[in-house]
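Chains as they are written, first to last, in my numbering: chain A, 1 to 340; chain B, 1 to 403.
Be careful, since some hints might not be right.
Claimed, not checked - Pairs of lysine to aspartate or glutamate, EDC-like flavour, derived with a Cα cap of 20 Å:
(1) A:Lys150 - B:Glu314
(2) B:Lys233 - A:Glu84
(3) B:Lys319 - B:Asp44
What the hints assert, rightly or not - A few chain B residues that face chain A, going by a derived Cβ cut-off under 7 Å, partial list only:
(4) Val143
(5) Met227
(6) Met228
As the list claims (entries may be wrong) - Simulated restraints, written as ranges between beta carbons of each label pair:
(7) A:Pro157 - B:Phe21: 42 to 48 Å
(8) A:Ala202 - B:Lys148: 49 to 55 Å
(9) A:Ala304 - B:Asn235: 44 to 50 Å
(10) B:Thr156 - A:Gly121: 42 to 48 Å
(11) A:Gly93 - B:Phe342: 55 to 61 Å
(12) A:Ile4 - B:Tyr161: 17 to 23 Å
(13) B:Pro346 - A:Pro157: 28 to 34 Å
(14) A:Tyr127 - B:Ser318: 32 to 38 Å
(15) B:Ala212 - A:Leu318: 34 to 40 Å
(16) B:Val208 - A:Ala155: 34 to 40 Å
(17) A:Ala117 - B:Ser318: 27 to 33 Å
Bear in mind the hints are in silico, worked out from the structure with no lab data behind them. Every residue, glycine too, gets a C-beta built ideally from N, C-alpha and C.
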Amino acid sequence: MDAILLQTLNGLDKGSAYALIALGLTLIFGTLGVVNFAHGALFMIGAFCAVTLQRVLSLSYETIDETQKDFLGNPLKVKTPYVESWFGPDVGGAIIEWSVPLALLFAIPIMIGVGFAMERGLIKHFYKRPHADQILVTFGLAIVLQEVVKYFFGANPIQTPPPDALNGVANVGIIFGMDIVYPVWRLVYFLFSLLIIGAVFAFLQFTTFGMVVRAGMADRETVGLLGINIDRRFTIMFGIAAAVAGLAGVMYGPINAPNYHMGMDFLVLSFVVVVVGGMGSLPGAVLAGFLLGILESYASTTWATTTIPGINQIIIYLVAIVVLLTRPRGLMGRKGVMED
Amino acid sequence: MLGLNSKDFRLFLVVIGLTLFAPVLLNPFPTESGLAQFNAGYPDLMQRFVIFGIFAIGFNILFGLTGYLSFGHAAFLGVGSYAAVWMFKLLSYNVLPAIALSVIVAAIFSLAIGFVSLRRSGIYFSILTLAFAQMSFALAYSVLSNPKFNLTNGETGLQVYNDDPQIFHSDRLPDLPHLFGLSMRASTDIALGPWTFTLNAGYYLSAVFMVAAFYIAIRLFRSPFGMMLRAIKTNQTRLNYTGLNSRPYTLAAFVISGAYAGLAGGLLAAMDPLAGAERMQWTASGEVVLMTILGGAGTLIGPILGSGLIKYFENIFSKINDDVLHSWFAFMPDGLEDAMVFIVHPFVGKGWHLTLGIVFMLVVIFLPGGLVEGGQRLWRWITGANRKKSDDQDTKHAPHAAE
Numbered sequence: 001m002d003a004i005l006l007q008t009l010n011g012l013d014k015g016s017a018y019a020l021i022a023l024g025l026t027l028i029f030g031t032l033g034v035v036n037f038a039h040g041a042l043f044m045i046g047a048f049c050a051v052t053l054q055r056v057l058s059l060s061y062e063t064i065d066e067t068q069k070d071f072l073g074n075p076l077k078v079k080t081p082y083v084e085s086w087f088g089p090d091v092g093g094a095i096i097e098w099s100v101p102l103a104l105l106f107a108i109p110i111m112i113g114v115g116f117a118m119e120r121g122l123i124k125h126f127y128k129r130p131h132a133d134q135i136l137v138t139f140g141l142a143i144v145l146q147e148v149v150k151y152f153f154g155a156n157p158i159q160t161p162p163p164d165a166l167n168g169v170a171n172v173g174i175i176f177g178m179d180i181v182y183p184v185w186r187l188v189y190f191l192f193s194l195l196i197i198g199a200v201f202a203f204l205q206f207t208t209f210g211m212v213v214r215a216g217m218a219d220r221e222t223v224g225l226l227g228i229n230i231d232r233r234f235t236i237m238f239g240i241a242a243a244v245a246g247l248a249g250v251m252y253g254p255i256n257a258p259n260y261h262m263g264m265d266f267l268v269l270s271f272v273v274v275v276v277g278g279m280g281s282l283p284g285a286v287l288a289g290f291l292l293g294i295l296e297s298y299a300s301t302t303w304a305t306t307t308i309p310g311i312n313q314i315i316i317y318l319v320a321i322v323v324l325l326t327r328p329r330g331l332m333g334r335k336g337v338m339e340d
Numbered sequence: 001m002l003g004l005n006s007k008d009f010r011l012f013l014v015v016i017g018l019t020l021f022a023p024v025l026l027n028p029f030p031t032e033s034g035l036a037q038f039n040a041g042y043p044d045l046m047q048r049f050v051i052f053g054i055f056a057i058g059f060n061i062l063f064g065l066t067g068y069l070s071f072g073h074a075a076f077l078g079v080g081s082y083a084a085v086w087m088f089k090l091l092s093y094n095v096l097p098a099i100a101l102s103v104i105v106a107a108i109f110s111l112a113i114g115f116v117s118l119r120r121s122g123i124y125f126s127i128l129t130l131a132f133a134q135m136s137f138a139l140a141y142s143v144l145s146n147p148k149f150n151l152t153n154g155e156t157g158l159q160v161y162n163d164d165p166q167i168f169h170s171d172r173l174p175d176l177p178h179l180f181g182l183s184m185r186a187s188t189d190i191a192l193g194p195w196t197f198t199l200n201a202g203y204y205l206s207a208v209f210m211v212a213a214f215y216i217a218i219r220l221f222r223s224p225f226g227m228m229l230r231a232i233k234t235n236q237t238r239l240n241y242t243g244l245n246s247r248p249y250t251l252a253a254f255v256i257s258g259a260y261a262g263l264a265g266g267l268l269a270a271m272d273p274l275a276g277a278e279r280m281q282w283t284a285s286g287e288v289v290l291m292t293i294l295g296g297a298g299t300l301i302g303p304i305l306g307s308g309l310i311k312y313f314e315n316i317f318s319k320i321n322d323d324v325l326h327s328w329f330a331f332m333p334d335g336l337e338d339a340m341v342f343i344v345h346p347f348v349g350k351g352w353h354l355t356l357g358i359v360f361m362l363v364v365i366f367l368p369g370g371l372v373e374g375g376q377r378l379w380r381w382i383t384g385a386n387r388k389k390s391d392d393q394d395t396k397h398a399p400h401a402a403e
């Protein structure tokens with residue numbers, strides 16, 4: 001029982017990353033009809049927003065402390081981050097420590113800006129071209145973004161530790177009277193993803209803007225004929241999708257140290273998730289994200305891997321193949337979306 | 001000639017000539033000169049040119065001709081490599097049975113995957129092939145290398161060990177892949193003044209295969225079967241409405257391109273008897289997509305150009321470091337020199353992928369027909385054909401680009 005709960009938690013955790021990326025992908029596909037292979041790169045850029053903020057905050061100046069000696073016997077050089085000298089060691093230290101959550105604030109405008117630039121600068125010109133061209137150009141863009149990040153940050157993963165308060169482990173089993181120890185940050189990630197997913201759905205469901213966007217997703221032409229500038233709203237949705245991917249990336253940093261190709265690794269899986277969920281279906285993407293995450297983590301248990309060796313490596317693809325062949329529209333796909 | 005019309009025959013002769021004299025043509029700079037690092041005429045790289053040329057020609061039959069964008073073609077390349085190395089391990093280092101088996105195995109494998117994937121088209125097809133390839137990669141990387149049933153040797157890569165059976169191996173034969181005793185690494189250096197040209201057995205073997213593959217591709221492009229594939233690319237729904245079942249055609253195209261990939265994989269193993277799972281990873285599949293698009297999807301010569309260009313970039317561009325850059329811009333005043341080096345630096349050496357990505361994007365955006373279309377446009381611009389036939393240019397152009 002403990003093991004099942006633990007694997008469920010693991011799965012929800014993995015699934016939340018899949019769900020967030022798949023949600024963004026589906027938003028873009030559902031509104032603009034573009035298959036965005038650069039979405040993984042947006043996830044990666046988000047993670048590197050956290051890295052950048054961390055570096056900026058730890059910018060420091062050196063002072064020589066004559067009273068102390070380093071191991072060579074020279075006067076000790078003490079590095080003091082500017083933030084600490086401005087706000088005092090307590091507040092400054094806290095700011096540095098909380099750099100990952102702070103990066104969320106910093107990442108939202110950046111990601112929305114990146115999203116706007118991508119849509120207006122490049123993807124806009126590809127609406128009328130075949131899907132294959134859209135895949136190819138965004139694939140090229142993903143390579144370029146990845147290489148730019150590699151140029152500035154190097155090829156090695158960069159640690160972005162979570163704040164100390166959220167760094168430990170917690171016993172989540174206590175509620176059920178069991179003993180399950182789980183990293184706090186992963187729980188935070190799961191809750192965070194629920195929050196973001198809820199926010200996106202609420203935005204689409206309960207605001208006028210969201211209503212117009214949903215109408216546009218259903219029938220773009222008619223909404224345009226009603227005198228609504230649907231293109232501009234779709235551009236904004238692209239920015240929001242980019243922000244969702246970026247925020248998922250920021251929060252993912254402490255779980256796996258960001259490196260320049262993390263986006264591509266996630267992208268392949270996220271596409272599978274989108275297809276399983278049903279192209280263009282937002283609830284489908286979220287559902288499939290969590291489902292596949294949980295399936296993957298169940299398949300990683302020793303029992304599963306000894307029964308069928310390697311099942312944990314292939315389960316997601318296997319499920320995708322079965323779903324695509326038996327339910328071509330995916331779990332919750334709508335009629336008429338990408339039927340060709 | 002050979003069942004080709006005169007235009008195709010000329011193209012075929014050009015390709016034969018280029019591959020035959022590649023060791024000379026790719027070594028235009030004297031060995032001692034500063035530009036010698038741009039020489040691509042060394043065996044290892046030339047082998048890659050032709051082998052990946054085969055891979056891209058095969059991919060083009062599926063993507064360029066039939067319009068199905070597969071994102072998992074590297075799986076067939078990898079399977080071909082594994083099959084070839086297994087032949088080395090079991091029989092002998094002779095490359096012919098190895099290559100034959102790699103083609104057959106890849107064809108069977110692609111038949112199975114194609115049978116399933118081709119039930120869907122468009123983006124779904126791309127994702128299905130991607131899923132299959134990633135699955136094969138994961139299997140080859142971990143599962144199929146367990147001690148009881150070691151088919152792929154996992155992370156280390158499959159290679160020939162001393163205690164392998166090799167039943168047809170004898171002491172007279174070289175301990176390397178060979179063709180009836182002629183080692184694939186055998187090469188002759190020809191010194192001609194300041195130039196040195198290396199003629200390598202492995203390269204010429206691969207080149208023979210590539211020329212044959214190219215010939216088959218031309219015949220296929222011009223055959224009724226090829227017309228059918230084009231019809232599928234243009235409008236599959238309409239084709240289905242005429243009462244034709246397009247599935248056998250797409251499946252045949254898929255298997256042919258899978259067999260081409262297997263041939264390329266077998267040749268890769270024949271040049272270097274080692275097969276690793278990373279050959280099947282989806283980045284490798286992406287690479288062949290880049291090659292085909294860059295050269296010109298749907299054209300005959302495009303894929304070969306594209307693969308040559310990418311492999312050249314990968315091997316030559318990546319070697320340019322800051323010292324080389326400084327020597328290039330040495331004629332400038334110091335400040336300007338440093339500035340130029342600073343500007344160029346991100347695009348060469350380790351950053352060559354950046355250049356590749358940018359070039360690829362530019363090609364997709366402005367030249368959907370790839371370098372071949374670029375060449376045609378340039379040619380028309382030089383000869384002034386645009387001005388003469390500007391009226392019927394659109395009607396003329398469309399079938400031209402599709403060739």
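### Unsatisfied constraints (hint numbers, rising)
Hints 2, 5, 6, 11, 12, 13 not satisfied by this model.
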